Every structure is written in structure tokens, then in C-alpha cells.
Amino acid sequence: MGQMPTPTSPEPRPNADPTPADAIAAIGRGEFTPRDLIPLADLGRADAALLRRAWPSFTDEQRERAVRAMAEFAESDVQYVFGRALRVALDDSSPVVRQLAIAALWEDEGSDLIEAFLELVDRDPSQDVRAEAAQGLSRFAELAAEDGLKTGVAARLRRTLVAIAADQCEPYVVRRRALEAAGVFGRDPEIVDLIRDAYDADDAGLRAGALYAMGRTCDTGWLDALLFEFESPDAEMRFEAARATGELGDDRAVPGLTELASDEDVEVRQMAIGALGRIGGTAAVNALRRLARRGSAADRDAIDEALEEALVSIDALRLRT
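Numbering (the numbering used here), first residue to last: 359 to 679.
Just so you know, the hints here were simulated from the structure itself, not pulled from any lab data. Treat the hints loosely; a few may be bogus.
Below are the SDA-like pairs computed for lysine to any residue, each with C-alpha atoms no more than 25 Å apart in a straight line [unchecked claim]:
| id | residue 1 | residue 2 |
| --- | --- | --- |
| 1 | Lys508 | Pro547 |
| 2 | Lys508 | Ser451 |
| 3 | Lys508 | Ala521 |
| 4 | Lys508 | Ser452 |
| 5 | Lys508 | Arg545 |
| 6 | Lys508 | Gly468 |
| 7 | Lys508 | Arg442 |
Computed from a prediction, not measured in an experiment: that's the story for all the values here.
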């Protein structure tokens, strides 16, 4: 009888799918592309714990690159969601990494982020992180304004944003982002007063934030102030005024936005074009069609997208009637 062959370990499949452990190892080597981090999307709890244990061993540069890569890949391909991996980075020792992680979670509506962002906006030592956290709370403030959050959570969220926006000892950028987030509660007299105070402030950034907050109130009582700012010598004020009128959706802004769509500043122009699309209606569609005939090639994509959005709004109105 012949001798039995010695058992050997199975050889790995040459084309085996990479695992979260492979992605973690790649970060540690510092040799990875955004695609190498795909296994970190949709992590299970065990793999998220594995990443959390390994995370502090990476250098600042490796952690920052990893968060940027996950954010870029998720933005280019929406099927990949890095929520659990990015939550690990919220506790990072680097303020840059914490700020990047908050920004990268901009589409994530997991309720656990409310507590995480409130903690960051209250206590983080970096004003940039606190400002980013306040901005991250904007989408949850919208849910609260629509009664989409538990009463206690909504009340705490509103209370925190209002307290920060009202505190003149806070850095302006943190106050600004808190005010912008709180704008959705804007029919509340307390918020109205905060917006007015910010609009009258000496700080240009706070004044610009007040315009954005006006748009988030959905209160057309602010329209005259916004139309006035279309003539501002400050491009940021014109930009925010255009954005806010788009949010208000009042077609009285169409003539002014049509003028702004020829602004010397490209960001102002394209925001005005986008605002026309959001307002919709016959006047906005006609304005966009005129822009399509005489607008610059650089604005062509923005005009086409806005026109499509405006036409959809007309179709929707016809269906309702």
C-alpha cells in the first residue's frame, strides 16, 4: 500500500475578494487607493471592532488619507456606505481627521449621530470640528422641525443650537453654523431675533450665515432683505442670498436671480442658476431657456440641470391640478 500524501494547507485563491482585514492592513502599510478600502463599506460589528482596535496604530497621515479616500469613493459611487468605518474616526486624536469624518457622514441619518455630533459641538477643543458638527446637525434639525425626532431629542438639539448661536463668546464660525442649522426653526421668535442680530453684525461671516438661515426658515418675510443683497459688493453675500431665495421658492426672486446668473463670480452665477431651477414655474423656465441661448459654455451643465428641475416642478403642478 502506497504512502498517503502529506496534507497541505489549501493555497489561497489568486482572485479572492479582499476582506476588511486586507483593507486595514493596506492602511497600515500606507499603500492603498480608495478602491482598496471598499471592504470597509457596510462593515459588520465584528469588523468595525477590528478597525477600531487597529485605528490608533496608524499614523496621522494614514488615518487622514483613509478618511479622505472613503469620502471620495462614497461620493463617486453611492452603493458604498462607510458609516461604521467613519464613526471610528469621530473619536480620532487628530482634529483634522475628526472634521473630515463628520463631513464624510453628510448623508448618514443614523440617529446615533445626533448624540455624537452634540457631544462634539459642545466639547471638542477644535473650533473647526465644532463648526463641522453644527453643520452636520442641520439635517437632524430639519427632521426635528418636521416632528421626525423624539420630542426630548428634538428639544435638546434646538436648545443646543440656539445657545451656541446666541453666545457671543463663541468663535464666529461655530455661531454661524449653529445659526444656519437652527434656521429651520425660524418661525420661532427667538430664532427670528437671532437671525436679525446676525444680519446686523459687524462680522461678514455671521451676516452671510444669517442669509442662509433666512432661506432655511421658509418664511418669505425675509425676501426683501435677500433681494437687497443681490446688489451687495461682497460675492459671498450675493451667493448666500441666491441660495436662500432658491430655498424660499418665491418666484418674485426670478428677475433678480436672472441678473445674478450673469454675475462676474462663477459661484454666484451657478448658485443663481440653481436657485431658478429650485423655484421652478413658468417664469423661471423662460429665464433658464434664455440663459441657455446666451449663457457661457462654462455654465451649460448648471443651466441644463436647473432647467430639468424647473420643468419637473411644472409637470408636478399640472398633475396636482
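Here's how the hints hold up against the structure:
1. Lys508 with Pro547: holds (22 Å)
2. Lys508 with Ser451: Not satisfied, since the Cα-Cα distance of roughly 32 Å exceeds 25 Å.
3. Lys508 with Ala521: Holds - the C-alpha atoms of Ala521 and Lys508 are around 20 Å apart, at most 25 Å.
4. Lys508 with Ser452: violated (32 Å)
5. Lys508 with Arg545: Since the Cα atoms of Lys508 and Arg545 sit roughly 20 Å apart, the hinted pair holds (cutoff 25 Å).
6. Lys508 with Gly468: holds (14 Å)
7. Lys508 with Arg442: Holds: Lys508 and Arg442 sit about 23 Å apart, inside 25 Å.
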